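Colleague: Now for the letters of each chain:
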Amino acid sequence: MKVLARTRSAATRQALADAAAAIGAELVHAGPETGDLSRDAVRAGASVIFLELRDTEDVARQRQAAREVGAALVLGCHSPEACRAAALAEPDEWILLPASPHEIGMRLVNGERRVRTAAGRRSEAEAAAFVRYRELLHDAATGLPTLPVLIPRVREWLEAGDELMLRYLHFVWLERIEDVYGPEKLDEVIGTVAEAVREFFQGKETGEHVLTLDHAGDEDFILITRARAATAPGEAAVSALSHEIERLVHQRIAERHGRELASLAGLYIGTASLRRDPGIRLERLIYRAIRKAARAALDVGERERERKAERLRTMLREGAVHMEYHPIVVTQTQNVYGYEALARGEYPDLRSPELVFQIAQEANLIWEVGRLLRRLAIEGIRDRLAPDQFLFLNVDPYDFEDPTFRELGPRDLGVVDPRRIVLEITERVAITDYPRFQEHLAAFRQLGFRLAVDDAGSGYAGLGSIANLAPDYIKLDISLISDIDSNFLKQNLVETMVSFAEGQGAQVVAEGVERPEELETIRQLGVHLAQGFLFKHLEEDERAAA
Amino acid sequence: MAAPRILVVDDDPDALDIVQAYLESRGYDVATAADGTEALARLEEVRPDLVLLDVMMPGIDGWEVARTIKNHPEFGDTRVVMLTARSDFTDKQRGLRAGADDYIVKPMRLEDLGRKVERNLEASRRSA
Chain A
84 MKVLARTRSA ATRQALADAA AAIGAELVHA GPETGDLSRD AVRAGASVIF
134 LELRDTEDVA RQRQAAREVG AALVLGCHSP EACRAAALAE PDEWILLPAS
184 PHEIGMRLVN GERRVRTAAG RRSEAEAAAF VRYRELLHDA ATGLPTLPVL
234 IPRVREWLEA GDELMLRYLH FVWLERIEDV YGPEKLDEVI GTVAEAVREF
284 FQGKETGEHV LTLDHAGDED FILITRARAA TAPGEAAVSA LSHEIERLVH
334 QRIAERHGRE LASLAGLYIG TASLRRDPGI RLERLIYRAI RKAARAALDV
384 GERERERKAE RLRTMLREGA VHMEYHPIVV TQTQNVYGYE ALARGEYPDL
434 RSPELVFQIA QEANLIWEVG RLLRRLAIEG IRDRLAPDQF LFLNVDPYDF
484 EDPTFRELGP RDLGVVDPRR IVLEITERVA ITDYPRFQEH LAAFRQLGFR
534 LAVDDAGSGY AGLGSIANLA PDYIKLDISL ISDIDSNFLK QNLVETMVSF
584 AEGQGAQVVA EGVERPEELE TIRQLGVHLA QGFLFKHLEE DERAAA
Chain B
2 MAAPRILVVD DDPDALDIVQ AYLESRGYDV ATAADGTEAL ARLEEVRPDL
52 VLLDVMMPGI DGWEVARTIK NHPEFGDTRV VMLTARSDFT DKQRGLRAGA
102 DDYIVKPMRL EDLGRKVERN LEASRRSA
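For the record, the sequence lines run as chains A and B.
Just so we're aligned, residue 84 is where the first sequence starts under this note's numbering, counting upward by one.
Just so we're aligned, residue 2 is where the second sequence starts under this note's numbering, counting upward by one.
Derived by calculation from the structure, the hints in this document are not laboratory data.
Just to be clear, a hint being listed does not mean it is correct.
To be verified - The following residues of chain B were derived to be distant from chain A, with all beta-carbon distances above 10 Å:
id: 1; residue: ARG6
id: 2; residue: GLY28
id: 3; residue: GLU39
id: 4; residue: LEU41
id: 5; residue: ALA42
id: 6; residue: ARG43
id: 7; residue: GLU46
id: 8; residue: ARG48
id: 9; residue: GLU75
As the list claims (entries may be wrong) - Which bits of chain B does chain A cover? Going by a derived footprint, with three or more residues having C-beta under 8 Å, they are:
id: 10; segment: 15 to 25
id: 11; segment: 92 to 104
id: 12; segment: 114 to 124
Stated by the list, open to error - FRET-style restraints, in silico, Cβ to Cβ:
id: 13; chain 1: B; residue 1: GLU75; chain 2: A; residue 2: ASP466; range: 47 to 55 Å
id: 14; chain 1: B; residue 1: PHE90; chain 2: A; residue 2: PRO181; range: 22 to 30 Å
id: 15; chain 1: B; residue 1: GLU75; chain 2: A; residue 2: PHE284; range: 22 to 30 Å
id: 16; chain 1: A; residue 1: GLU261; chain 2: B; residue 2: ASP113; range: 34 to 42 Å
id: 17; chain 1: A; residue 1: THR487; chain 2: B; residue 2: GLU75; range: 50 to 58 Å
id: 18; chain 1: A; residue 1: ASP471; chain 2: B; residue 2: GLU45; range: 55 to 63 Å
These numbers were taken from a predicted model, which means no experiment stands behind them.
We treat Cβ as the ideally placed atom computed from N, Cα and C, and that holds for glycine.
Please build the complete structure, drawing on both the sequences and the hints.
Modeller: Have a look at this one:
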């Protein structure tokens with residue numbers, strides 16, 4: 084191999100010489116002012132051109148020229164940005180300088196080989212077109228085929244004279260997952276749901292079946308089963324089946340994504356039967372059946388929502404909620420800095436805070452839930468909170484719209500000093516009207532309340548929106564903390580958050596600390612406060628006092 | 002002790018070649034895959050200790066591959082290191098959600114890559 088090189092620094096020249104020696108290449112130097120290297124490459128019989136970039140380099144022109152003479156172009160650049168810019172011109176290799184002779188040698192060899200084998204890669208465009216085509220016909224999250232793909236199968240079954248059962252699986256509250264955890268999480272969960280549904284029917288029914296989504300990207304499923312001599316199942320049978328599917332779906336979501344998410348997914352099933360009718364076009368027949376089954380599923384869903392809202396009203400009336408107080412600990416001293424009050428519904432079906440929030444929102448009970456929880460949270464601990472400890476109270480942006488919340492004062496707080504209360508904002512709903520929200524916050528700050536932002540770093544509450552709120556505390560989500568002692572990506576993210584917080588004059592609280600190694604790691608990264616299972620022995624419970 | 006096994010996944014064959022050559026020169030046992038589907042298909046056969054995963058690939062992208070590996074009942078403990086062109090906060094958050102253990106920003110020096118690979122293998126040995 085012969086390399087024509089134009090270098091700018093002695094260090095690069097030396098490294099290049101060592102590299103050439105190591106790979107047995109002959110090295111020819113071009114003058115530092117040489118513009119068109121390709122001509123020199125032809126004259127010298129070089130198959131590789133190495134170019135240490137100047138600021139004014141016309142990389143595209145060099146690329147073009149090298150290609151015309153069939154030489155490999157290897158670029159050396161002095162910053163990642165320069166490399167990225169140079170990469171746009173598609174050189175055969177680039178090297179981030181300074182680099183070791185070992186690396187330079189490898190990249191020279193690779194660049195030359197690339198030119199030699201370039202001809203063999205014509206079919207890449209075809210492959211990409213095929214992938215695009217396949218993606219159009221399948222849902223991205225689940226890999227399920229879209230309905231048009233399935234129509235030939237369904238046609239075949241109908242023409243054989245079979246009756247088909249169409250089930251519409253309507254999931255409610257999945258959209259909460261998107262609100263709280265982001266669209267990617269919902270896609271994952273839908274993927275899990277699809278697998279669970281498939282698993283269920285594979286184990287269950289002898290007939291053949293196909294599964295699709297109502298719309299690609301949507302969360303409602305359509306299952307068409309081929310059932311010979313089918314008899315329409317009664318409502319009781321459908322409802323029993325729904326419960327069985329729901330159980331399996333919940334189990335799978337809980338295994339993969341945790342209990343909290345599982346409790347959010349409610350499932351309602353509507354059915355319709357499908358029989359051949361020569362007078363009606365097949366597609367129309369199918370779409371009609373889908374609409375019918377969907378309506379039935381939505382009706383059941385509606386009834387169920389009303390029932391749950393009624394349960395919630397009863398729970399509020401009876402105050403069937405108890406409070407837990409999770410300690411927040413200073414990482415350096417392990418002293419208890421304060422407590423976060425967490426509500427636990429006493430009705431088993433309303434235990435999940437996410438679910439309660441969802442039902443409350445639909446039933447217009449958000450403010451009432453908030454009022455009850457704040458009252459209980461303060462009452463439960465106010466006699467035991469040391470004068471230098473803080474009470475972290477969860478509030479939603481919604482709560483700030485509640486006129487009685489804005490009057491949160493001595494009447495609710497009793498002896499607790501507002502300066503000991505930290506309002507912890509969970510961005511369950513995106514804050515849309517920032518100026519207005521800021522106004523509300525300012526009023527609370529005036530009274531001495533402090534402010535924390537919850538779940539930072541996990542969801543899509545970006546740093547920008549955190550900066551907007553100018554909180555006193557930034558709480559890092561458990562997903563950032565678990566196993567942080569062995570995960571370098573998490574360490575890097577937490578480091579970023581800590582320096583960001585310090586720039587803002589805020590303190591960082593790590594949530595979900597479970598092991599001493601995690602505590603040690605976050606302490607070293609400069610995290611000020613921590614909470615989690617590791618400190619369970621310091622927990623307070625309103626019932627413990629009673 | 003057998004050499005640690007690394008699965009390198011990148012749709013750019015040249016990037017793949019040079020990383021493979023470099024890691025092999027460091028004594029690792031290296032397998033490659035040209036896209037996400039192939040990577041997942043080869044997991045069973047290769048049983049890597051560490052997967053080096055390019056983010057930008059056609060079809061199933063690197064995040065998706067990482068997620069699948071990390072959710073896998075059998076391969077969930079495999080170290081996953083992302084190769085990414087961006088390293089801003091949002092991009093790292095995506096890595097976090099996908100379950101990645103570390104990341105390397107492209108363009109990178111091969112020596113830096115080697116160091117990151119080494120420290121991740123070290124960490125996985127410690128936590129095993």
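Colleague: Evaluate each hint against the coordinates.
Modeller: Hints, one by one, checked against the model:
Annotated as non-interface, ARG6(B) keeps its C-beta farther than 10 Å from every C-beta of chain A; the closest such distance is 19 Å. Its beta-carbon lying about 14 Å from the closest one in chain A, GLY28(B) satisfies the requirement of being farther than 10 Å from that chain. Interface exclusion of GLU39(B) from chain A stands, the closest Cβ pair being 12 Å apart, more than 10 Å. For LEU41(B), the condition that its CB be more than 10 Å from all CB atoms of chain A holds, with the nearest at approximately 12 Å.
Chain A leaves ALA42(B) outside its interface by the beta-carbon criterion, the shortest separation being 14 Å against a cut-off of 10 Å. Distance to chain A confirms ARG43(B) as a non-interface residue, since its nearest Cβ pair spans about 18 Å, more than 10 Å. Taking the minimum C-beta to C-beta distance to chain A, about 22 Å, the non-interface status of GLU46(B) holds against the 10 Å cut. Chain A leaves ARG48(B) outside its interface by the beta-carbon criterion, the shortest separation being 20 Å against a cut-off of 10 Å.
The claim that GLU75(B) lies off the interface holds: its Cβ sits roughly 14 Å from the closest Cβ of chain A, which is beyond the 10 Å cut-off. Residues of the segment 15 to 25 of chain B with a Cβ under 8 Å from some Cβ of chain A number 5, which satisfies the need for three, so the listed coverage holds. Residues of the segment 92 to 104 of chain B with a Cβ under 8 Å from some Cβ of chain A number 10, which satisfies the need for three, so the listed coverage holds. Check on the segment 114 to 124 of chain B: 4 of its residues sit with their Cβ under 8 Å from a Cβ of chain A, so the three-residue criterion for coverage holds.
With their beta carbons about 52 Å apart, GLU75(B) and ASP466(A) fall inside the hinted range of 47 to 55 Å. Range check, PHE90(B) to PRO181(A): Cβ separation about 29 Å, and the 22 to 30 Å hint holds. Under the hint 22 to 30 Å, the C-beta atoms of GLU75(B) and PHE284(A), about 25 Å apart, fit the expected range. The hint said 34 to 42 Å for the Cβ distance between GLU261(A) and ASP113(B), and at roughly 37 Å that hint holds.
Taking the beta carbon of each, THR487(A) and GLU75(B) are about 54 Å apart, inside 50 to 58 Å as hinted. Taken as a hint, the range 55 to 63 Å holds for the pair ASP471(A) and GLU45(B), whose Cβ atoms sit roughly 57 Å apart.
Hint violations for this structure: none, all hints satisfied.
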